[in-house]
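Novice: By our numbering, the letter at position 175 of the sequence shown is numbered 447, and the numbering carries on one by one without gaps.
No lab work stands behind these hints: they were computed from the structure.
Since the structure is predicted, the reported quantities are computational estimates derived from the model, not experimental observations.
Worth double-checking, as some hints may not be accurate.
Listed below are the simulated PhoX-like cross-link pairs for lysine-lysine, each with C-alpha atoms no more than 20 angstroms apart in a straight line [what the hints assert, rightly or not]:
no. : residue 1 : residue 2
1   : K319      : K338
2   : K338      : K375
3   : K493      : K516
4   : K516      : K319
5   : K516      : K655
6   : K655      : K470
7   : K516      : K639
8   : K470      : K583
9   : K611      : K300
10  : K512      : K655
11  : K531      : K470
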Amino acid sequence: MIEKKDTALEKAVLIGVITQDQNEEQSKEYLDELEFLTYTAGGDVLKRFTQKMDMPNPKTFIGTGKMEDVRHYIEEHEVGTAIFDDELSPAQERNISKILNCKVLDRTNLILDIFAQRAQTSYARTQVELAQCQYLLPRLKGMWTHLERQKGGIGMRGPGETEIETDRRIVRDKIALLKAKIKKIDRQMEVQRGNRGKLVRVALVGYTNVGKSTLMNVISKSEVFAENKLFATLDTTVRKVVIKNLPFLMSDTVGFIRKLPTQLIESFKSTLDEVREADLLLHVVDISHPNFEEHIESVQNILTDIKSDDKPTIMVFNKIDAYEAEPFDDTDLIAERTKANYSLQEWKNTWMAKIGDNALFISALNKENLEDFKKRVYDEVRKIHVQRFPYNEFLYPDYDETYE
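Produce the complete structure using the sequences and hints provided.
Specialist: Written out as structure tokens, the structure is:
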């Protein structure tokens, strides 16, 4: 179900709506992200379609007129895929497929496809397959209408199982098998985590594509796969790291994203055990992204979902080398200065100032301010270690006093 194939870029169009809950600016931002997701999955976006609506159309998500525009464009440019920014109901998906006569995906399906491409280990592949089966189950209706039993007629009466019922049973059995397999691997991983002893555990968390794997490589001097694409890291990687003479474990976890499919949160909860069992969280943020505050909120919501929002956390604002404030014209009497015009120093004086020592500004790629980062992590890990082993305090003096 999740074989990886190398194919040429598929032509795609994106479709989103502007509603009371999602204004024009947010809609553009979500479609930007959807375009990046499409590129990551191997697609080439030719055009975007948006429509202002009070609420999405229950039958076709967008209005009939706009749907006709999309159909004309798809036929004219021979587009093979239409991607919607929100999750479509099974009925909407069927109706739209009939009208557009092409492959119809929603955001959930696209993310599942990327996860299927990226899954390397047996564990990750099992989790992705479970999420795919859970997504597929309610969407089976109507896929086999040509093989359904007839309404009546000689020899067609009586008991029997339709093709759709057979398929549902197969998918349900597959879900049960995959859940059992995940439970078995969970027990094995629990034993592995138990074998790591009492070392302090530090977990890197954050939005997807903020530079967690790059930071992991710099700190642990290892070669964790890092790429400028969404969900480059899917499997949790754990490395032993030593700062000065203090050892601890650092784990690089899967990135989060807005509108993360519920099936994925459910099936990847066991992967997030590394976050749950961590003693310290390093929340990495891409400060060069115009909507990084919204990203922070999304990550906090998921941490709350997995009951990890009360752990000691250091905010690591990464990519300071790429940060550029939008220029502001002081002579323009009408223009208002917004957060987009803030310099890095002005950002540091906002709510970030309240975090104090728990806000660090670095560039993992250019290794800027890494010494400050190491010192802060060392101090925090040392504090946790000494609480666990009170007699070890003399082994790990203050950062500045330790030998090089």
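Novice: Run every hint past the structure and note whether it holds.
Specialist: Cross-check of the supplied hints:
no. : hint        : verdict
1   : K319 / K338 : 13 angstroms, holds
2   : K338 / K375 : 18 angstroms, holds
3   : K493 / K516 : 14 angstroms, holds
4   : K516 / K319 : 52 angstroms, violated
5   : K516 / K655 : 15 angstroms, holds
6   : K655 / K470 : 14 angstroms, holds
7   : K516 / K639 : 17 angstroms, holds
8   : K470 / K583 : 17 angstroms, holds
9   : K611 / K300 : 18 angstroms, holds
10  : K512 / K655 : 18 angstroms, holds
11  : K531 / K470 : 36 angstroms, violated
Checked against the numbered hints given earlier, the structure breaks hints 4, 11 and satisfies all the rest.
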